[in-house]
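Start from the sequences, fold in the hints, and give me the full structure.
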Amino acid sequence: MKSILFICTGNSARSIIAESIINKNYSKDFKAYSAGSNPSGKINPHIKEYLITKKYDISNLNSKNFNVFLKDKKIFDYVVTVCSSAHNEICPIWPNKNIIIHWDIKDPVKQIESLDLNKKSIDLIIDETYNILHRKITDWTQSEKNK
0 MKSILFICTG NSARSIIAES IINKNYSKDF KAYSAGSNPS GKINPHIKEY
50 LITKKYDISN LNSKNFNVFL KDKKIFDYVV TVCSSAHNEI CPIWPNKNII
100 IHWDIKDPVK QIESLDLNKK SIDLIIDETY NILHRKITDW TQSEKNK
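Numbering-wise, numbering that gives the first Met the number 0 puts 34 at position 35 of the sequence shown, and it's gapless, one number per residue.
None of these hints come from the bench; they were simulated from the model. A virtual CB, placed ideally from N, CA and C, is assigned to each residue, including glycine. Be a bit skeptical, because a hint or two may be false.
[Said to hold, decoys possible] Cross-link-like lysine to aspartate or glutamate pairs, in silico, EDC-like; alpha carbons within 20 angstroms at most:
| hint | residue 1 | residue 2 |
| --- | --- | --- |
| 1 | Lys109 | Glu48 |
| 2 | Lys54 | Asp126 |
| 3 | Lys30 | Asp138 |
| 4 | Lys1 | Asp71 |
| 5 | Lys23 | Glu48 |
| 6 | Lys23 | Asp126 |
| 7 | Lys109 | Asp122 |
| 8 | Lys23 | Glu143 |
| 9 | Lys23 | Glu127 |
| 10 | Lys54 | Asp122 |
| 11 | Lys30 | Asp56 |
| 12 | Lys23 | Asp138 |
| 13 | Lys53 | Asp122 |
| 14 | Lys30 | Asp71 |
| 15 | Lys146 | Asp28 |
| 16 | Lys1 | Asp138 |
| 17 | Lys144 | Asp28 |
| 18 | Lys1 | Asp28 |
| 19 | Lys53 | Glu127 |
| 20 | Lys105 | Asp126 |
| 21 | Lys1 | Asp76 |
| 22 | Lys30 | Glu143 |
| 23 | Lys144 | Asp76 |
| 24 | Lys109 | Asp126 |
| 25 | Lys54 | Glu127 |
[As the list claims (entries may be wrong)] Ranges of calculated distance between the beta carbons of each label pair, as one might list FRET restraints:
| hint | residue 1 | residue 2 | range |
| --- | --- | --- | --- |
| 26 | Asp122 | Lys72 | 33 to 43 angstroms |
| 27 | Asn61 | Ile100 | 18 to 28 angstroms |
| 28 | Asp115 | Lys30 | 31 to 41 angstroms |
Shown next as structure tokens:
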């Protein structure tokens, strides 16, 4: 089984969604974790609610700094940064740079917090992020299986 660490800045949305998708849909081949370069300390409540409505188990999800994995010397098969700021912070210090993959995905939390939105609009923003991540993960896992 291959291990993947998803990293974004706040570890409250994108990396949490990616971890959830892998651990629910690809658990036979992959185990996912997530972390942030500057974690918020909590999962965004809109993201949490969204994942629950999609029947994801969120009981083991929490917002944490990627340093916990560096300190524990946890070895990952892949590290996926899902935003440019995390990518720029991680690349210079991550021990094995050959395993880093970068996907630049807009932060749904910034979009949600910058506007006064109703629930339907919030869900549309999160849906867009979820669908982008799901497509990227599906394409990437297929290419990994074909190697």
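How the hints compare with the structure:
At roughly 17 angstroms between alpha-carbon atoms, Lys109 and Glu48 fall within 20 angstroms of each other, so this suggested pair holds. Between Lys54 and Asp126 the alpha-carbon distance is near 14 angstroms, which keeps this suggested pair within the 20 angstroms criterion. Taking the CA atoms of Lys30 and Asp138, the gap is about 17 angstroms. The hint holds against a cut of 20 angstroms. Annotation: proposed proximity of Lys1 to Asp71 holds, straight-line Cα distance about 18 angstroms (limit 20 angstroms).
This hinted pair checks out: Lys23 and Glu48 have alpha carbons roughly 16 angstroms apart, not beyond 20 angstroms. Proximity of Lys23 to Asp126 is assessed by CA-CA distance (about 17 angstroms); at most 20 angstroms being required, the pair is judged to hold. Taken as a hint, the Lys109 and Asp122 pair is honoured in the structure, with Cα atoms around 14 angstroms apart against an allowance of 20 angstroms. Straight-line distance between C-alpha atoms of Lys23 and Glu143 comes to about 18 angstroms, which keeps the hinted pair within the 20 angstroms bound.
Distance check on the hinted pair: Lys23 and Glu127 sit about 19 angstroms apart at the alpha-carbon level, within 20 angstroms; holds. Between Lys54 and Asp122 the CA atoms are separated by roughly 15 angstroms; this keeps the pair inside 20 angstroms, and the hint holds. Using a Cα cut-off of 20 angstroms, the hinted pair Lys30 and Asp56 holds, with the two alpha carbons roughly 14 angstroms apart. Taking the CA atoms of Lys23 and Asp138, the gap is near 16 angstroms; set against the 20 angstroms cutoff, the hint holds.
A threshold of 20 angstroms between alpha carbons decides the hint, and for Lys53 with Asp122 the separation of about 12 angstroms falls inside it, so the pair holds. Taking the CA atoms of Lys30 and Asp71, the gap is about 17 angstroms. The hint holds against a cut of 20 angstroms. Among the hinted pairs, Lys146 with Asp28 is consistent with the structure: their alpha-carbon atoms are about 13 angstroms apart, no more than 20 angstroms. Proposed proximity of Lys1 and Asp138 is supported: the alpha carbons are some 16 angstroms apart, at most 20 angstroms.
For the proposed pair Lys144 and Asp28, the alpha carbon gap of about 9 angstroms is at most 20 angstroms, so the pair holds. For the given pair, Lys1 sits about 6 angstroms from Asp28 by alpha-carbon distance, which is consistent with the 20 angstroms threshold. The straight-line distance between the Cα atoms of Lys53 and Glu127 is roughly 14 angstroms, inside the 20 angstroms bound, and the hint therefore holds. At most 20 angstroms may separate the alpha-carbon atoms for a hinted pair to count; Lys105 and Asp126 meet this at roughly 12 angstroms.
Restraint check for Lys1 and Asp76: satisfied, since their Cα atoms lie roughly 6 angstroms apart, inside the 20 angstroms limit. Distance check on the hinted pair: Lys30 and Glu143 sit about 14 angstroms apart at the alpha-carbon level, within 20 angstroms; holds. At most 20 angstroms may separate the alpha-carbon atoms for a hinted pair to count; Lys144 and Asp76 meet this at roughly 14 angstroms. With a CA separation close to 15 angstroms, the supplied pair Lys109 and Asp126 stays within the 20 angstroms bound.
A distance of roughly 18 angstroms separates the Cα atoms of Lys54 and Glu127; the hinted pair therefore holds under the 20 angstroms criterion. Distance hint for Asp122 and Lys72: a CB-CB separation of about 39 angstroms, consistent with the stated range 33 to 43 angstroms. Distance hint check: the CB atoms of Asn61 and Ile100 are about 23 angstroms apart, consistent with the given range 18 to 28 angstroms. Restraint check, Asp115 to Lys30: a C-beta distance of roughly 39 angstroms satisfies the suggested window 31 to 41 angstroms.
The earlier numbered hints are all upheld by this structure, with none contradicted.
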